[in-house]
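J.: Here's the letter readout for the chains.
Protein chains: 2
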Amino acid sequence: MSTTTDARAAAPLAARTSGTVRIVGSGLLGSSIGHALSALGVDVALADASPAQLRLAVDYGAGRLAAADDAPSLIVVAVPPDVTADVIERELADYPDAVVTDVASVKLEPLHALRARGVDLSRYIGSHPLAGRERGGAISARADIFVGRPWVVCRDGETSSADLAVVEGLALDLGATPIEMSPEDHDRSVALVSHVPQIVASVLAARFVGAADESLRLAGQGVRDTTRIAASAPELWVQILGANAAPVVEVLDALAGDLADVAEALRLPDAPGSRRAVADTIRRGNEGVERLPGKHGQNRRFEQVVVMVDDTPGQLGRLFGELGELDVNVEDLRLEHSPGAQFGLAEISVVPDAVRRAVDGLEARGWKIASTTND
Amino acid sequence: MSTTTDARAAAPLAARTSGTVRIVGSGLLGSSIGHALSALGVDVALADASPAQLRLAVDYGAGRLAAADDAPSLIVVAVPPDVTADVIERELADYPDAVVTDVASVKLEPLHALRARGVDLSRYIGSHPLAGRERGGAISARADIFVGRPWVVCRDGETSSADLAVVEGLALDLGATPIEMSPEDHDRSVALVSHVPQIVASVLAARFVGAADESLRLAGQGVRDTTRIAASAPELWVQILGANAAPVVEVLDALAGDLADVAEALRLPDAPGSRRAVADTIRRGNEGVERLPGKHGQNRRFEQVVVMVDDTPGQLGRLFGELGELDVNVEDLRLEHSPGAQFGLAEISVVPDAVRRAVDGLEARGWKIASTTND
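From first to last, the protein sequence lines stand for chains Y and A. Note that the working numbering gives residue 220 to position 220 of the first sequence, counting from 1, and the numbers run on in steps of one. Note that the working numbering gives residue 355 to position 355 of the second sequence, counting from 1, and the numbers run on in steps of one.
In case anyone wonders, no lab produced these hints; they're calculated from the structure. All values derive from a computational prediction rather than experimental measurement. Careful: at least some of the hints might be erroneous.
One-sided and incomplete, this derived list gives chain A residues near chain Y with beta-carbon spacing under 8 angstroms [claimed, not checked]:
#1 Leu216
#2 Val223
#3 Arg267
#4 Arg291
#5 Gly317
#6 Asn329
In this text, a Cβ means the ideal position worked out from N, Cα and C, and glycines have one as well.
Make a model of the complete structure from these sequences and hints.
T.: Quick look at the structure:
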């Protein structure tokens, strides 16, 4: 298993997390944390309201069944948003020596609920790993889903440095980057970059339900990308959106205003500034999308080389083998099929310095380069 | 150039398009049509209002310069939407024996303009290849961008079967699938699957302009996909949206209503049916996105196998080489980097029958399978 061994080299030499970690909730996030900590040699005690789900998580190697005499130093609450506050309260009471964190994707609502009940929150630090997969559940859990992802940690005036270090240590052990943020800033941020995009994709895709087959045949890659996340599961999203309603509504209202402005400009094309209003919207969109961090961080740029590839087994192998011989590392890849054709297009992202080497080397080996971005 | 030769096997044995084809406008679409027809041995005469652009297209092999004594059988108008009607009118007058088509992405506005001027449209058939690239211009032109894509052909009562066959023959020669549609249906369809998604992506991305860096650090792949097309160029889109204003406004208004309904349900979480309204929106989004044709057509489904891959040259080569040995064809591929980690995840789409073979074979060769969709 050479690949595994090599990958593991990215893990820290010595885990910061020690003692027993109790994980309550063995869904995708809880189980993935369990897998990652277990691989680091940490004792992971799993609990779940569902015995079947718990058994599955244990069978898949996320940890052991929690025992009555466990003395965890850290408790991770990874349950659905609507029961997060209840479970945090119970865990704080049951384990008076443990630091308790949660991984819910909304941070203010559980905090308000706990404060309203007068719970002592000095040992609680809310957190949120920005990681996930399209499929949930213990079966989909993967130790690596946190690697390179942000992990928001919400400290407040009551948080001790030692407790903060425990939660940030967990994030670091799992390969994530801890980001300290207030619960308010967190909730506003995820409303903008996650919750509203989900709603937008869903309402747009919902418009296709009543459309003619013929109309949908005209759909291309653009609209497929725009609506991809509309495939997300309703149950979890109803909870998330409900728990973060105020910040979500704020962005939705602003967005509805922007859409109304575009509609107005299109309705009255001869009104002063109408064309300009439409152009400005597209231009601001250009600017906004440029600000999103890329797969390799905000400022690193790759060039694309598009290669024609036969749609037969082994062709991609030959292509990537030869790129390896040319010492060209593939940073990203997008494979485009031409339905009905016997070939596809492989769009390969490489560092700018490697474009010439890749193009010349591949052409010399008989590949057809369809295009490159820095010609 | 074995790859090229194999790919060419997908081209028709005998081109339907014959004689001289005059292409007016040597941007991305005009030049790409020129490349494809030239490769089929058709005589392509190029014209463009910009001598520099024209020279570039000729240099890149899209065709020859048009001559005064050309007698084209088919004229393709591939100019920006705002001058499309003017150019169609002029070409019909200048070449009284030619069939004239255009490739503008809006079909009703030029038709209305031409009818209002009393132009005899018996030799004009509007069309629209649903093909494009993120970059425009003759430099980005590619002969293969039409392969497998729909090409809408708008016949009307005046259209002769012989003329229709010429335009549909062009589409077929370029590897596209002709779809007959009324101009009204076409414009409504592209409003839904192309123009409104563009606006939605742009207004959403525009919201990031004023956001804090810290907030945007929380962005993941979902919002990146949702806003990817916000990177499109403003100039062309202002023209397209302006030319298709009524159908676009209709969808925008409906969408704004849908967004307002979600906002209302979130604002009044305890009102009867509020949670259900949010769930229904997500659920209808699930249903709508399922209706979009996939890369291989609407009904074919692939399974995904996710493999951990070292982020070093040659690793993907080894992976794809071994998949070839296992006789597994890679239908699609998504490469996910974990920034800061020494490895990435290759999500490989394969036909369901090949999942077991791929997983067992790769594991036997030491690869770590992170997950599969049909476990």
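J.: If a hint holds in the structure, say so; if it doesn't, say that too.
T.: Structure-based check of each hint:
At about 6 angstroms, the closest approach between the beta carbon of Leu216 of chain A and any beta carbon in chain Y falls short of 8 angstroms, and the interface hint on this residue holds. Taken as an interface hint, Val223 of chain A checks out: its beta carbon lies about 4 angstroms from the nearest beta carbon of chain Y, inside 8 angstroms. At about 6 angstroms, the closest approach between the beta carbon of Arg267 of chain A and any beta carbon in chain Y falls short of 8 angstroms, and the interface hint on this residue holds. About 5 angstroms separates the beta-carbon of Arg291 of chain A from the nearest beta-carbon of chain Y, less than 8 angstroms, and the hint is met.
The closest approach between the C-beta of Gly317 of chain A and any C-beta of chain Y is roughly 3 angstroms, which is under the 8 angstroms cut-off, so the hint is satisfied. The criterion of a C-beta within 8 angstroms of any C-beta in chain Y is met by Asn329 of chain A, whose closest approach is roughly 5 angstroms, and the hint holds.
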